[in-house]
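Colleague: The lines below spell out each chain.
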Amino acid sequence: MPDTNQVTASNGEPIIICRDVNKWFGEFHVLRDISVDVAQQEVVVVIGPSGSGKSTFIRCINRLEEHQAGQIIVDGIELGNDVRNIAAIRREIGMVFQQFNLFPHKTVLENITLAPTKVRGWPREKAEAKAKELLERVGIPEQAAKYPGQLSGGQQQRVAIARALAMEPKIMLFDEPTSALDPEMIKEVLDVMKELARSGMTMLVVTHEMGFAREVADRILFFDQGRIVEQGTPTYFFESAQHPRTKLFLSQIL
Amino acid sequence: MTTLNDSRNLPQAEPVVNFDEPPVKPPPLLAVGPLAWVQKNLFSTPLDALLTIVGVTLVIGAITGFLGWAIGQANWLAINFNLRLFFLGRFEPEAEWRVTLLVLLVAFTIGLSFAAWARLTRGVMLVLVLLVALTFGLPPLFRAALPVPATYVAAGEVGIASGADTITPQPQLAFIARAGETVTVRLADSFSGDDASLSGLSGFADDAANQLRNAAARRLETSARIDEITRLLAGDLLTSNQRAQLEEDLAELSVPDAITDTYALNDASVQVRILRGTTGEEIGAATLEGSTASLSVTLPEDGWYILDKGVDGGAGNALLRADGVFPLLERTVTRAADEAGTGRSGSIAQYARLTDSFTTEEVRPTADGRNLPMATIIDTQLRGTRSFSEYLSLFVAPFLGQVNTAVLALVVAMFAGYFGGQALDRMRSPANAPRRASGRLVAWLWIVLPVLMFVFVYGLGSILPLTDTRRWGGLMLTIMLAAVGIIASFPLGVLLALGRRSSLPIVSLFSTLYIEFVRGVPLITVLFMAQLLVPLVNPTLAELPNVFRAMIGIILFSAAYLAENVRGGLQSIPPGQEEAARALGLNGLQVTLQITLPQALRAVLPALVGQFISLFKDTSLVAIVGLLDFSAMGELIVTQTEFLGLRREVYIFLIVFYFAFTYSIASVSRRIEASGAGKALARKI
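Protein chains in written order, with the working numbering: chain A, 186 to 439; chain B, 2 to 686.
For the record, the hints were derived by calculation from the structure and aren't laboratory data.
Among the hints, erroneous ones may be present.
A few chain A residues facing chain B, derived, Cβ under 7 Å [claimed, not checked]:
1. N247
2. L249
3. R276
4. F282
5. Q284
6. N286
7. F288
8. H290
9. K303
10. V304
11. V401
Where is the CB? At the ideal position from N, CA and C, for every residue including glycine.
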């Protein structure tokens, strides 16, 4: 049984390094001594029961949540209270949310070009060209002029992915990207994510899609009660998991 | 396959596969036509039918009652005569062109807005053109075809008594008229010998003629009361107490002789003369006897004339009908010495005729060093009920005659904006955004207009001389106060809303305290405090005109309410919006300006518009710090002796304008709500 609290990446340089990360919501200890490294181009899937801290964990990586103890180093920059560091790290990390969080008052094209023009300072022509290329990539080039409210859930989530990719991030965080979708739309989103993984993007994915985890993940982290209970390759995880909590979880969902 | 022990004993579901494609059909036409609509919407249940009938009856009753009053009895002269006061207050006439230019620019911008954001249908344009045509065409038509109410004056030396007052007719009456007009004086024959028709006298009547009318009415009342008591006493329904009381009443009453007989109305012949006001020269004279005789004089020039009348023998009175003699109003105007070549300067008296816009500054005639009595609107008032045609000729025609040039200019400016915008788009807008050029121009205009408004009305250094803010008033002041209040309080309110949500405790505390404090006190006190406190805050501001202090008060007050509305909007934005924006790397300011604030403002647009509408109306409170805004101006006008008692008419005029403005604001906001992402947002998330 591998040591769950001391793991180094199997291949490549680590781009995310977490050391003894702790976080509390009031008195509630939501993350307990999380230590994990993510290598470049690695796809890490985080699974676990509700309230296990998996979403909080990936939200700490781009500082949507603040960790209170431990170290998080992304792309060589340590996350602290320095606003410039936070801004620098957020430029390199794209994030996709369960509720899409598209900006409803802006068209699809404006949603995608907003950050490149405002944060990266790209000229509008360059941002729009990039946006159109990304919409092509996620399969909805014809929706550029529409407002998010006029799209289906699956289309909205694909726009959200395109929006995150427009910043040309080194890392993509996915926080349950398919949980709010109808079953028929889940596949179209997962297909985009698979294509992204194959292209070499470093990805950290919180999901309940076991099929996706099995097919795409390089490594699976299993969270329970704020700690990483067990981790390993999909094959190991689904076929020879050791920890009784993991076994119980797997027996309930499979 | 059943794994549970199923005791329900249901039949097995038969598999059914449907490969048919039913055709797509339009919905059935169940109920069409107006009758079906009425049946469905107005009379669907007995209660519904009852409510419909009651509602319709009430509405019809209210409308007919109002129209009956507005046409038959209301005296709209207070409006016709004070349009400038209502719209501009006492604004310097020298700077009036600036306001005119500004208003035309606004009309132009409105036209341009239609070109950029909407469309004017052919029907609307036709209505506008027709409106202009009517304002020009109707007044001369009415004046030519419809009678103006007659003017009645009494003559004779016998005092006419009615109640406690006795009034003796004036021997001479001064009036103003234009060259070429005809004055016709004859005996008002239909009233002689008939108190009933005398009491129903309707038209302009001088005090003595009105006294005759009142005396006749009083006599008829007394006579009717006696008849009623006699009828009651003849019956047997009364108790002895009641009977005694009535008999006592009857003993006190006596029917006087007919008024027409008492004053020997029109029995003797009447000497009438028309004199030139300045020289006293006689330009016409006649002895009127019997109903056919009349004196008809065509007047040689503009100015004052005197109607001189006397009853032969001095034993009786006469009631004359003097067509062409109309009531007039005296007012004071300021004239520079060199103007008009009159050689007079400073405040001089101007006389204006009530039935049209004729004015004269000729000196009022005197006799033996004393001013002659004039046909002022105080003692030559409009009495009785009027016909619809008199309403048109007396009120509608002069009103249209006063506003027609303004209406024409506004419509032309608006069309210029509309067609100019379309022409601009044809030349400059790209094919994929056919209204971009006009849209940009109109956005700039709307941003620049408030600044222009202030500069034009107030002035700018040496380029445009400053105007006297104490003379600002009327609708112009109301719009200035509301526009400045809305525009300036908006950024302040947004800042306060953001401040209240700030994570910095000092900012948040200050914003909260400010908002709660200002919301906790009435606007009146804020206005007062702005008057009193502003000089204390900074002594150099003691010179700040009253109007600007009131503006500061309104801005500070409005900002607090606006802040709470905006804060409500900010709270309605899901936290995911800010998270997504932050995750993309936007900084705090960008998140607010690009993401949360635009959505928040859109979400609370109806509330904001509601607040702006109430701000527009609340500006009327500035009256308490001595400013004469639109409604205060109305109140001022009805306190003038000439227009005493016309408060209803004036307030209806105010209501029409307030409503027109607030309704326009509301319609524009409905358009904004429905525009752009509005439809998508309505279904959002």
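Colleague: Look at each hint and say if it fits the structure.
Modeller: Here is how each hint holds up against the structure:
1. N247: At about 6 Å, which falls below the 7 Å cut-off, the nearest Cβ of chain B leaves the hint on A/N247 intact, so it holds.
2. L249: With a closest approach of 5 Å, the A/L249 hint holds.
3. R276: holds (5 Å)
4. F282: Check passed: Cβ of A/F282 comes within 6 Å of chain B, closer than 7 Å.
5. Q284: holds (5 Å)
6. N286: holds (4 Å)
7. F288: holds (6 Å)
8. H290: Holds, because the Cβ-Cβ distance from A/H290 to chain B comes to roughly 5 Å (cut-off 7 Å).
9. K303: holds (5 Å)
10. V304: Result: holds, 4 Å to nearest chain B Cβ.
11. V401: violated (22 Å)
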